[in-house]
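*Asks:* Residue-level listing of the chains:
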Amino acid sequence: MSTLRVVWYSIVNGANDYWSIFTLKSWVFGWLIRVVSQVTFFALIGKLLQKQAQTDFLLIGNAVMVAGMGATFALHQPTNERGNGTLPLLLASPSRPVVVMLARGLYVVADAIWSALLGLAIVGPAFGLHFPWPRVLLVIPLTVLVGAAAYCFSTFLAGVIIAHRNINNLVVNTTIVLLMALCGVNVPVSFFPTWLEWISRCLPITDGLEAIRGVLAGDAWSSIAAHVGGELLSASGWLALALLTFGRFIRAGQRDGSLEFAS
Amino acid sequence: MRAFLAGARVQLRFMTAYPDSLIPFFTSPLFTIVFLLVFKHAGRPDLTAYAAIAPVFIALWWLALFNSGWTVTMERWNGTLEMLVASPSSFGAVIFGRIAATTAIGTVSFFEAWLVARLIFGTTVTIHHWGAFLLTVVATLAAMAGTAVGMAALFVLARNAVTFSNSASYPFYVLGGILVPVSLLPHWVRPLSDVVFLSWAADLLRATLRVGPIHQFWPHLGMVVLLGACGYAVGLFALRVILVRVRESGELSTT
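Protein chains in written order, with the numbering used here: chain U, 132 to 394; chain H, 53 to 307.
Honestly, I wouldn't trust all of these hints.
Covered by chain U, according to a simulated footprint, are these stretches of chain H (three or more residues, beta-carbon under 8 Å) [to be verified]:
| id | region |
| --- | --- |
| 1 | 64–72 |
| 2 | 78–90 |
| 3 | 93–100 |
| 4 | 213–223 |
| 5 | 230–240 |
These are calculated hints, taken from the structure and not from any lab test.
For every residue, glycine included, the Cβ atom is placed at its ideal position computed from N, Cα and C.
Chain H on its own, in the form it takes in the complex:
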């Protein structure tokens, strides 16, 4: 736990020192404006909830891709990975602490998006199912952090990690149905969407902003948690393999 908290503290300091890591908090309100403009121009105020949710997912995904995903790689580039591996603390706990801190900070975008909706467009986002909303947010953040651990491992292994992180935004926004529900995608795409936790999370969050009952809340929430846990497990396993490999080959500082 102490290692986890230490990781979280370090990450918060990094984020305040590097303005680039705060990009989503500048772009999230702008995306809210773009989406709300489109819906206002189309005369569809009923879609305000869609416009208020999508920028949050964009911000969280961006943080997972560019901050959390690069955590281990940045430790390597900074020459601090060796010290981290040699210390008695759990390597996984420190990394997860850093990623969890980044993900938790991402919730700021909720307030930004909804504030923009209120101040610029005069629309209010009403949460009709508070319990379900809070549970979904917590599950989404956990799944995002879990997926980010998977990315952190992938980026160490992949030769084209930069290309991947630059390219893996919009494909997941489409597959995850963060603005337009997956039900509007062609049938052949839907099996792919089913394995992206964003699609379950986005549907649930939108449902919590609607008056009517939420259908199949628990199974959907379970899918968010399950897919996030899968990402975390794969990431943790890959990180262990990487550490064992570089320790055995003695190439820790040069890999």
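Here chain U stands alone, though its shape is the one from the complex:
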């Protein structure tokens, strides 16, 4: 029960953070335009290649990638806590820091998923992407799954770099482009050497994205279900790693004093 209360207050905290960052106007004319432009930028490569299949592939991949990208922004959470001077209070409290962090960043994931879906809905028709009805509705829960998997991954990474806030932005940005390169966002993972394909399958996004592509392409349900299973496995794995290691990274930082005095 107390964990639920911690989760609830963390979500409320996060929501307040969110509304201090964005107003409706700055979200629509700033963030949404960026999302639409990002998806358009990659979809246009398909136009350059003069292949509708490539256009669809790039458009779907990069729209869904917005969910992964936004979730990766959650890496900023612990650094923000440190920057605001609230991390010591959080560490001193009896709550588990990882629970607070996970719940507090949920607004980031919700925003990322919503942005990804909007990107797909706005840019898709402009590039002639066909949305098969009613199968297309499945894209919504699958995008939620992709966002959640990426969030578990980024929470794990947040623990890894919690003592090194000077490289926080570097890790966020590099991770996002790495995921774009490796998760089948721009080319199918089957195009990679086998060893790299296996690495890709361990990362979040890859299988979830393939499931979404399958839904839109009218693939067999068994194939879609297999990819959903893969994404669930990946999400669970990264969540377990985050839960197992986050506390250790925090304690290591407390022991060597790097949490508050690292530059």
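On the provided structure of chain U, position chain H as indicated by the hints.
*Replies:* Just chain H now, with coordinates in the frame of chain U:
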């Protein structure tokens, strides 16, 4: 000139002290990989030049947005703006020195992108028009620095500067045609692209990597310089207005 060089030196020290300021040098090779993968998968090695140019523009634009654009704001946050304004050196020269140093460092991404193309994909980027290439690079860097001065002023004035800098990447990559030429954009977008210097610069740089002659080189180069100069003029004017305003109101340390 001395103030300009001092600004450049300070900026180089900042960049070596803060790894976050080096982000584009980590992401630029990765973007090259992404673009080259797409073209290789599509069986279009003829588009290698496109893949090698785009990451450079992404790196330069990122540096302009997040390093140069925040120069004045960071001086304010660090509490050093007052000392800078009170010193006898030209405020504009110091700021421009810092921005120019950042922009010049951005050229490293050229080598990164082309090295990745060579080492990972075994493709060579050949410059067929060396003179035009060097002139375009210099004009592009100058225009980027000029635009960054404009951003530096804008970020001081704007309430939502953080939101703007986080959002102003891909819209300009599309409008600037840094990967896909502007000619593939809808007609109604093209007038907007015409006022973004990136669109002229990207077309020219791609043309220098092609065997055939470059059409209308000088007018296009002129547009890059002109649009960059406009950004610089607007930025310099805005910075002067800001300084006069905060001096008159006595709110320099609290604005």
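*Asks:* Hints first: check each against the structure and report whether it holds.
*Replies:* Verification of the hints:
no. : hint    : verdict
1   : 64–72   : holds (count 3)
2   : 78–90   : holds (count 9)
3   : 93–100  : holds (count 4)
4   : 213–223 : holds (count 9)
5   : 230–240 : holds (count 5)
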